[in-house]
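*Asks:* Chain G is already provided as a structure; the job is to place chain F on it using the hints.
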Amino acid sequence: GQQLNQSPQSMFIQEGEDVSMNCTSSSIFNTWLWYKQDPGEGPVLLIALYKAGELTSNGRLTAQFGITRKDSFLNISASIPSDVGIYFCAGFFNFGNEKLTFGTGTRLTIIP
Amino acid sequence: NAGVTQTPKFRVLKTGQSMTLLCAQDMNHEYMYWYRQDPGMGLRLIHYSVGEGTTAKGEVPDGYNVSRLKKQNFLLGLESAAPSQTSVYFCASSSTFSTNEKLFFGSGTQLSVL
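Protein chains in written order, with this note's numbering: chain G, 1 to 112; chain F, 113 to 226.
With a straight-line cut-off of 30 Å between C-alpha atoms, the simulated DSS-like cross-links for lysine-lysine are:
hint, chain 1, residue 1, chain 2, residue 2
1, F, Lys214, G, Lys51
2, G, Lys36, F, Lys183
3, G, Lys36, F, Lys121
4, F, Lys214, G, Lys70
5, F, Lys169, G, Lys36
Pairwise CB distance ranges (calculated):
hint, chain 1, residue 1, chain 2, residue 2, range
6, G, Ile28, F, Asp174, 25 to 35 Å
7, G, Thr62, F, Ser224, 31 to 41 Å
8, G, Ser57, F, Pro151, 29 to 39 Å
9, F, Lys214, G, Ser20, 15 to 25 Å
10, F, Gly165, G, Arg107, 30 to 40 Å
11, F, Gly163, G, Pro112, 44 to 54 Å
12, F, Asn177, G, Pro39, 23 to 33 Å
13, F, Leu181, G, Pro8, 35 to 45 Å
14, G, Pro8, F, Ser224, 24 to 34 Å
Simulated from the structure, these hints should not be mistaken for lab results.
This one's a predicted model, so the numbers in the text were calculated from it and none came from an experiment.
Ideal Cβ placement from N, Cα and C applies to all residues, glycine included.
Pulled out of the complex, with its shape left as it was, chain G reads as follows:
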């Protein structure tokens, strides 16, 4: 089946730093999604991308749908303590057997 690899697996940064993470797939997707999971909670949708090359922002978060349709990127600017959590990408290919595939996650820790 399709696999989504996220990198890095974990990040330790200082408050105020910018964060970059990415997700790569073995095959193309029509839609990319980015979720955030707070400790002890379920994932919550942050950004949805529907078109190759698309760049979408949500506050301090910016995500891009890669041109090849096999990758996506998430950037967080000027990180704050509440950004701590696990970030998941997810890809969807809606021709035939639709299934949402989740990435392995990037755990973000902010050092005071």
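*Replies:* Just chain F now, with coordinates in the frame of chain G:
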């Protein structure tokens, strides 16, 4: 605004025991899902339902059964728990089976099988 509610939040089982996880949503969503989350594996779909009275297998269905007798409830059962089923389980719901409608997740059930 309850959204998606899962019970219990934590459970410890012995190998061979059975249990049922309950998921309830109050958003009148047609679609409901059960995922498991394991370190380094992301979220994997166990079973899903496209409406009351229907169920379908996901990516990792073995060892689990589900039922959707009422639209608002989706039950996940383990008939004979195994240590490999130690995981965090998430229920989710959506109004359509499409990425245009986001998934709403519950807060998870942490299950340990000894």
